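Q: Here is how the chains run, residue by residue.
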Amino acid sequence: AQSVTQLDSQVPVFEEAPVELRCNYSSSVSVYLFWYVQYPNQGLQLLLKYLSGSTLVESINGFEAEFNKSQTSFHLRKPSVHISDTAEYFCAVSEGTGNQFYFGTGTSLTVIP
Amino acid sequence: ETGVTQTPRHLVMGMTNKKSLKCEQHLGHNAMYWYKQSAKKPLELMFVYNFKEQTENNSVPSRFSPECPNSSHLFLHLHTLQPEDSALYLCASSQGEVGTGESPLHFGNGTRLTVT
Numbered sequence: 001a002q003s004v005t006q007l008d009s010q011v012p013v014f015e016e017a018p019v020e021l022r023c024n025y026s027s028s029v030s031v032y033l034f035w036y037v038q039y040p041n042q043g044l045q046l047l048l049k050y051l052s053g054s055t056l057v058e059s060i061n062g063f064e065a066e067f068n069k070s071q072t073s074f075h076l077r078k079p080s081v082h083i084s085d086t087a088e089y090f091c092a093v094s095e096g097t098g099n100q101f102y103f104g105t106g107t108s109l110t111v112i113p
Numbered sequence: 114e115t116g117v118t119q120t121p122r123h124l125v126m127g128m129t130n131k132k133s134l135k136c137e138q139h140l141g142h143n144a145m146y147w148y149k150q151s152a153k154k155p156l157e158l159m160f161v162y163n164f165k166e167q168t169e170n171n172s173v174p175s176r177f178s179p180e181c182p183n184s185s186h187l188f189l190h191l192h193t194l195q196p197e198d199s200a201l202y203l204c205a206s207s208q209g210e211v212g213t214g215e216s217p218l219h220f221g222n223g224t225r226l227t228v229t
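Chains A and B, in that order, give the protein sequences. Counted from 1, the first sequence has number 68 at position 68 by this note's numbering; the numbering is strictly sequential. Counted from 1, the second sequence has number 212 at position 99 by this note's numbering; the numbering is strictly sequential.
Treat the hints as calculated values from the structure; they're not laboratory data. Computed from a predicted structure; not experimentally measured. Some clues are possibly wrong.
Away from chain B, derived, C-beta distances all over 10 Å, residues of chain A [claimed, not checked]:
#, residue
1, E15
2, S54
3, P79
4, H82
Over the 10 Å line for every Cβ pair with chain A, so calculated as not near, a few chain B residues [to be verified]:
#, residue
5, T129
6, K131
7, H139
8, M159
9, V161
10, N170
11, S178
12, P182
13, N183
14, H186
15, F188
16, D198
17, S199
18, T229
Once the Cα atoms are required to be at most 25 Å apart in a straight line, the calculated DMTMM-like pairs of lysine to aspartate or glutamate come out as [stated by the list, open to error]:
#, chain 1, residue 1, chain 2, residue 2
19, B, K153, B, D198
20, B, K149, B, E169
21, B, K165, A, E88
22, B, K149, A, E88
23, B, K132, B, E197
24, B, K154, A, D85
25, B, K132, A, D8
26, B, K165, B, E197
27, B, K154, A, E95
28, A, K69, A, E16
29, B, K153, B, E180
30, B, K132, B, E166
31, B, K154, B, E197
32, B, K154, A, D8
33, A, K78, A, D8
34, B, K149, A, E16
35, B, K165, A, E20
36, B, K135, A, E16
37, A, K49, A, E88
38, B, K153, A, D8
39, B, K132, B, E169
40, B, K154, A, E20
No residue lacks a Cβ here, since even glycine has one placed at the ideal position from N, Cα and C.
Using the sequences and the hints, build the whole thing.
A: Laid out in structure tokens, this is it:
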């Protein structure tokens, strides 16, 4: 079974500053990687995913994440955050078999005006 | 607008009550899931159904009973719950063949359950 580590439980950042949310997973077997975002009183929404191919994947709202197989990491970055990016962010991993998704404990991003 | 609808959004129940959570997906997916979300803990997978058949049951107490009458509907029947069962219960669905993890999960907005 996988374990997913999000070391930063809370990340405060000023508006228009860059941000990186870290995610590491335990196993180096073939995996699929996801970032989800959760706004207050809502469910999780898919932000971006890595399945294969280019190790850098992007979302439509300016976030990007890079798959690093040797470091078993999938860190999420944005060069300039907005107030509307304030939310909880979850990293998730699935393997090539089964329907099991492993989630991290989440990182609360707070953008300060 | 979410393709996965959960009702009710909030539920308060006593430990002796019986209630049910409902989930409906409008995405044509063939797998449905129940997750429990508690503060500062990873999402806990409770149950998975593929083509209406239960494929995962992660040692969930019997006071939680799932039901999947068809690929679009999923229920979670609750009885004699404990205060520690208070949490956000999330339903999700995914498209994809059994045995692949490529298809991402699509979540509903959850039911906030409080057990008094």
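Q: Kindly indicate which numbered hints from before are broken by the structure, ordering the numbers from low to high.
A: 9, 21, 25, 26, 28, 29, 34, 35 and 36
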